[in-house]
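Given the sequences, and given the hints that come with them, work out the whole structure.
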Amino acid sequence: MSDVTTLSPVAAVALIGATLITGAYAVAVIDRLLFAAVARWPLSLPTLVSQPAREAAMMHRRQVVTTEAPDTILWVLAPAAYAGLAATALSVIPLAPGVAVADVRTGIVVFGAAEALAIVAIFLHGWAPNSPFPMIAGYRFVGVALSYELLSMFVLIAAALPAESLAIGAIVESQQSLWNVIRQPLGLPLFLIVTAGVTFTGPLDIVDASDIAGGGGAEDSGVARLAWRAARAAMLVTFAAAAAAVFLGGWLGPVLPGAVWMALKTTAVVVTVLAGRHLLARVSPERFVRLAWTVLLPLAFLDLAIAGMGSL
Amino acid sequence: MAVGRRTPTRHRAPIPVFAAAGVGGWGPAQELRGAPELRLVTTPRHAAVLLVTGSVPDGHLVALRRVHDQVPHPRAVVAWRTAGAATRIPATVEVAGDGAAVVTAVQRAWTALDADPSATAADQLPDVEPNEWRGVGPYGQGGEGMMGGTPYGRPMAMTGDDPDGLALDELHLTLGPFLDPLPAGLTLDVVMQGEVLREAEVRLDAPTAADTPAGSDRAAASARHGLQWLAHALHVEGLDALAAHAAALAARVTGDGDRGALSRRAEALARRVRRTGVLRTLRGVGVVEPAGDAAARWQARLDVIAGALRDDHAPAVLDPTGPAIACDLLPRVLPGSTLTDAISTIVSLDIDVAHREAGLRR
Numbered sequence: 001m002s003d004v005t006t007l008s009p010v011a012a013v014a015l016i017g018a019t020l021i022t023g024a025y026a027v028a029v030i031d032r033l034l035f036a037a038v039a040r041w042p043l044s045l046p047t048l049v050s051q052p053a054r055e056a057a058m059m060h061r062r063q064v065v066t067t068e069a070p071d072t073i074l075w076v077l078a079p080a081a082y083a084g085l086a087a088t089a090l091s092v093i094p095l096a097p098g099v100a101v102a103d104v105r106t107g108i109v110v111f112g113a114a115e116a117l118a119i120v121a122i123f124l125h126g127w128a129p130n131s132p133f134p135m136i137a138g139y140r141f142v143g144v145a146l147s148y149e150l151l152s153m154f155v156l157i158a159a160a161l162p163a164e165s166l167a168i169g170a171i172v173e174s175q176q177s178l179w180n181v182i183r184q185p186l187g188l189p190l191f192l193i194v195t196a197g198v199t200f201t202g203p204l205d206i207v208d209a210s211d212i213a214g215g216g217g218a219e220d221s222g223v224a225r226l227a228w229r230a231a232r233a234a235m236l237v238t239f240a241a242a243a244a245a246v247f248l249g250g251w252l253g254p255v256l257p258g259a260v261w262m263a264l265k266t267t268a269v270v271v272t273v274l275a276g277r278h279l280l281a282r283v284s285p286e287r288f289v290r291l292a293w294t295v296l297l298p299l300a301f302l303d304l305a306i307a308g309m310g311s312l
Numbered sequence: 001m002a003v004g005r006r007t008p009t010r011h012r013a014p015i016p017v018f019a020a021a022g023v024g025g026w027g028p029a030q031e032l033r034g035a036p037e038l039r040l041v042t043t044p045r046h047a048a049v050l051l052v053t054g055s056v057p058d059g060h061l062v063a064l065r066r067v068h069d070q071v072p073h074p075r076a077v078v079a080w081r082t083a084g085a086a087t088r089i090p091a092t093v094e095v096a097g098d099g100a101a102v103v104t105a106v107q108r109a110w111t112a113l114d115a116d117p118s119a120t121a122a123d124q125l126p127d128v129e130p131n132e133w134r135g136v137g138p139y140g141q142g143g144e145g146m147m148g149g150t151p152y153g154r155p156m157a158m159t160g161d162d163p164d165g166l167a168l169d170e171l172h173l174t175l176g177p178f179l180d181p182l183p184a185g186l187t188l189d190v191v192m193q194g195e196v197l198r199e200a201e202v203r204l205d206a207p208t209a210a211d212t213p214a215g216s217d218r219a220a221a222s223a224r225h226g227l228q229w230l231a232h233a234l235h236v237e238g239l240d241a242l243a244a245h246a247a248a249l250a251a252r253v254t255g256d257g258d259r260g261a262l263s264r265r266a267e268a269l270a271r272r273v274r275r276t277g278v279l280r281t282l283r284g285v286g287v288v289e290p291a292g293d294a295a296a297r298w299q300a301r302l303d304v305i306a307g308a309l310r311d312d313h314a315p316a317v318l319d320p321t322g323p324a325i326a327c328d329l330l331p332r333v334l335p336g337s338t339l340t341d342a343i344s345t346i347v348s349l350d351i352d353v354a355h356r357e358a359g360l361r362r
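Sequences listed follow chains A and B, in order. Mapping to my numbering: the first sequence position 49 is 49, numbers consecutive. Mapping to my numbering: the second sequence position 94 is 94, numbers consecutive.
One or more hints might be untrue.
[What the hints assert, rightly or not] Computed footprint of chain B on chain A, listed as stretches where at least three residues anywhere in the stretch have a Cβ under 8 Å from a Cβ of chain B:
#1 51-59
#2 139-146
[As the list claims (entries may be wrong)] Output of the computed footprint for chain B on chain A, the stretches with three or more beta carbons under 8 Å from beta carbons of chain B:
#3 63-71
#4 209-220
#5 278-284
It is worth saying that the hints were derived from the structure and are not from the lab. A virtual CB, placed ideally from N, CA and C, is assigned to each residue, including glycine.
This is the structure:
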């Protein structure tokens, strides 16, 4: 059982801010890299590394459009809330041995709460512009969200069983002998599906989908669009860090310092999720709900049973 | 940061372009997905340059003006092979060449805009509400329009019966004519309850001037059109990188050239498309007798594309259904399906009118 370790507020904000900003930029670079690789375009590393900065500069200079009678407060708050929830969830994840903003005893619960409130933020982003396609994207997402939230709950609790604690720092330390991805093989694949759902990436991109003409982001432009995309990338960083900590042993590893191992594992998860984005077709919401409740949820129960038997 | 003037073109971020495609311009516009200098976006709000291609029917000019005004400032307009002065929207640049010429023109327009943002294309429509609602009272209040009427010119969402026995709000929407996932010239009037379509009416407007694509080589033209369709369909299913690859391949299909190499690449692309699982997700979607479901249509089209590139004498028929028949079928097939499945169904039925005009379809 780990004690509550906390950083000073200034150090906490700096750590979370630095992690999310560099992480979000890295997500953008990796996304463009994978796109160019799958599209068989010539890869030019200097171009790809500088491209997110140039795109951000371009977006910054475009006009922020407004629709007819939007809910302006919510339109501004939604990306801020989404990014804030990503920061909250990241605060309970240890990024290096002994370095966590707040490695509380109920870290898994805080993480799950942030994940659940993200549903509200995403729905409000669709509600705010007062426009048909964003609204359809919002309520379509709410219809699907519960299905993957349940998966997340079970696989995280299964990972907490060997650690006998809900603190993520304790879960990392319980993997000294064996990583959770090996002793609970169903956990990581299911958690990757949850990641794809929360960040609406790839096969589960039902919010900003191209079949509803841009979906929730259809009426965003300029700084508003930049904020939403950055928040989404930040959430992906958080969930990748969680996957690395809970299933891939976090900062554990020989030779290299703990923070480097954490960064490498987080990057590996990000690459996997973004590769799925470019190589897997979108699943329709109806089909996914059916799949989640008939196949994935029983697999999550099985994962919990395996974890229980392993802890006997 | 003066990105436009000092940045070498190869390092510039891709220019976001919204293609408002009229008939005859839809296919060539899809080939632009393969150009790294541009990015075709799904909504005009994300774009900086509006690309108007093909012949836009007269009935769609108001819609085109609305799309034009939805592009945020600073904006530029590029007109590509529009029939005469049919668009009546002042264009920054007019292009008459092929895809490469369009890319250069868009870059030129963007550079000019970057240097001088005040040279943005002016709004076409006045920024006022299209329908004003006034009641009967002295302060504009009251009247009968609040329940079941048409406040602000739009039908109020009244509840309607659901097959499950519930009473849910019905949303009346008009999708199109320049909607990204729909083919050129198609307008859908739908009534939706939640995600499910209850009624659908289809309008497919023919252009005033038919733009027949040139090319005596039927097999090559058929393969090229098939690859253009594939690029768009992959984009709608969320696979933008593969769509870019298909578009680049389409641009390389000309009458001459090494057809063997292209055929092998097309087959490799078809294998990658199957590996994405898109055919599995489309199983059972959009069943149209006797053509089968959307997955069967995709499979047939992939086979025809590869076959047309392999063999000059292969039958170059892409879709026996034909756009006119497809539009008769849609009001029967779409109701009861979700919006996602409806869009997938429409995308899987190749409804590009220009291709029919060119006699490449039965």
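Hint check:
no.	hint	result
1	51-59	holds (count 5)
2	139-146	holds (count 3)
3	63-71	holds (count 4)
4	209-220	holds (count 10)
5	278-284	holds (count 7)
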